[in-house]
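Q: Sequence:
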Amino acid sequence: MKFNIKYTIAALSVFMFTAGCDDKLDAIDVIGYTGVPVAIETVTSEPLPGQIQLRWEVPAGDFSYLKIWYYDPLTKETVYKIVSKGTTELLIDETRARFGEYEFNFQTFNANDEGGEIKVVRALSGVAPASYTLVSRSQIKLVAEQLSTNAQEPSEGPIKNAVDGDKNTFFHTNWHEAIPYPQWIQVNLKEPHENFLVGYINRTDNSWTTSGRPSVVDLQISNNGIDWETVGTLDGLPSSAGSEYISTFFMPGKTFTYFRFSVTSATGSSSYWNIGEFMMYDAEVAIDDPETAPLD
Numbered sequence: 033m034k035f036n037i038k039y040t041i042a043a044l045s046v047f048m049f050t051a052g053c054d055d056k057l058d059a060i061d062v063i064g065y066t067g068v069p070v071a072i073e074t075v076t077s078e079p080l081p082g083q084i085q086l087r088w089e090v091p092a093g094d095f096s097y098l099k100i101w102y103y104d105p106l107t108k109e110t111v112y113k114i115v116s117k118g119t120t121e122l123l124i125d126e127t128r129a130r131f132g133e134y135e136f137n138f139q140t141f142n143a144n145d146e147g148g149e150i151k152v153v154r155a156l157s158g159v160a161p162a163s164y165t166l167v168s169r170s171q172i173k174l175v176a177e178q179l180s181t182n183a184q185e186p187s188e189g190p191i192k193n194a195v196d197g198d199k200n201t202f203f204h205t206n207w208h209e210a211i212p213y214p215q216w217i218q219v220n221l222k223e224p225h226e227n228f229l230v231g232y233i234n235r236t237d238n239s240w241t242t243s244g245r246p247s248v249v250d251l252q253i254s255n256n257g258i259d260w261e262t263v264g265t266l267d268g269l270p271s272s273a274g275s276e277y278i279s280t281f282f283m284p285g286k287t288f289t290y291f292r293f294s295v296t297s298a299t300g301s302s303s304y305w306n307i308g309e310f311m312m313y314d315a316e317v318a319i320d321d322p323e324t325a326p327l328d
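When we follow the numbering used here, the leftmost residue of the sequence shown carries the number 33, and every step to the right adds one.
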């Protein structure tokens, strides 16, 4: 049973007055358990990204409610949570791994608000995730001499057309013979790049069909043109003639000098694919990391 709201226990009292020679105030009736509240014993914690999950077992004895409090170094305040007797877990949000151990105090109370033994539990937070925002992109100027492919169609669509700046020309992989996928465009960037986007424009002169468009594409990087690492996969790609696609940005966490746009399947179950233009962009990315951001 789990609650994420504060639960307030209030004792109800009724004051009754009687008429007579000697006016008298009747005793207050307290509703709920009024004995010594049993303490929480078994508490476990689980570090989650930017959170701490607390779980405990309800003790065999009785109590009315449970108070949990801790010091939050992010807000520089002591935070109090009050939960019902049947509650067995609590998720603490907006925590940080950078602060090390958090100290949680567990104390049970009876209906008279009399507290029992305090149990102290120390717990760690998982690393709070960073957020990334694309600030700008700048197109990388590519020329035909930087490109190569493993599946060139010999009769049309030379690879140079993919970077000639004319979307009405096209690059085409081999349709005379079935070359197994993946079929790729390889780029020798000649200098290191890191964060990037890719884009392309579908062939424009065959609007009668949606076949032969890239359907699933692996994005691969290398620094020697031999050993490759897949850093992203594109799917859900457009199939209409002349449609343009620009990917989200990718952050491989390292620089690279070779790149592959490696198509692993095409629309219409085609054994080939084609595009009008291919583009690459450098990406400027802003990083908001709550684990390293300056504290007020």
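Please keep in mind that the hints were generated in silico from the structure rather than gathered at the bench. A hint or two may mislead.
[What the hints assert, rightly or not] Straight-line alpha carbon distances no greater than 25 Å define the calculated DSS-like cross-link-like pairs of lysine-lysine that follow: (1) 113 <-> 151; (2) 192 <-> 151; (3) 151 <-> 173; (4) 286 <-> 173; (5) 173 <-> 108; (6) 99 <-> 113; (7) 222 <-> 117; (8) 113 <-> 173; (9) 173 <-> 117; (10) 192 <-> 173; (11) 151 <-> 199; (12) 99 <-> 173.
All of these numbers come straight from a predicted model, not from anything done at the bench.
Q: Which of the numbered hints above does this structure break?
A: 2, 3, 5, 7, 8, 9, 11 and 12
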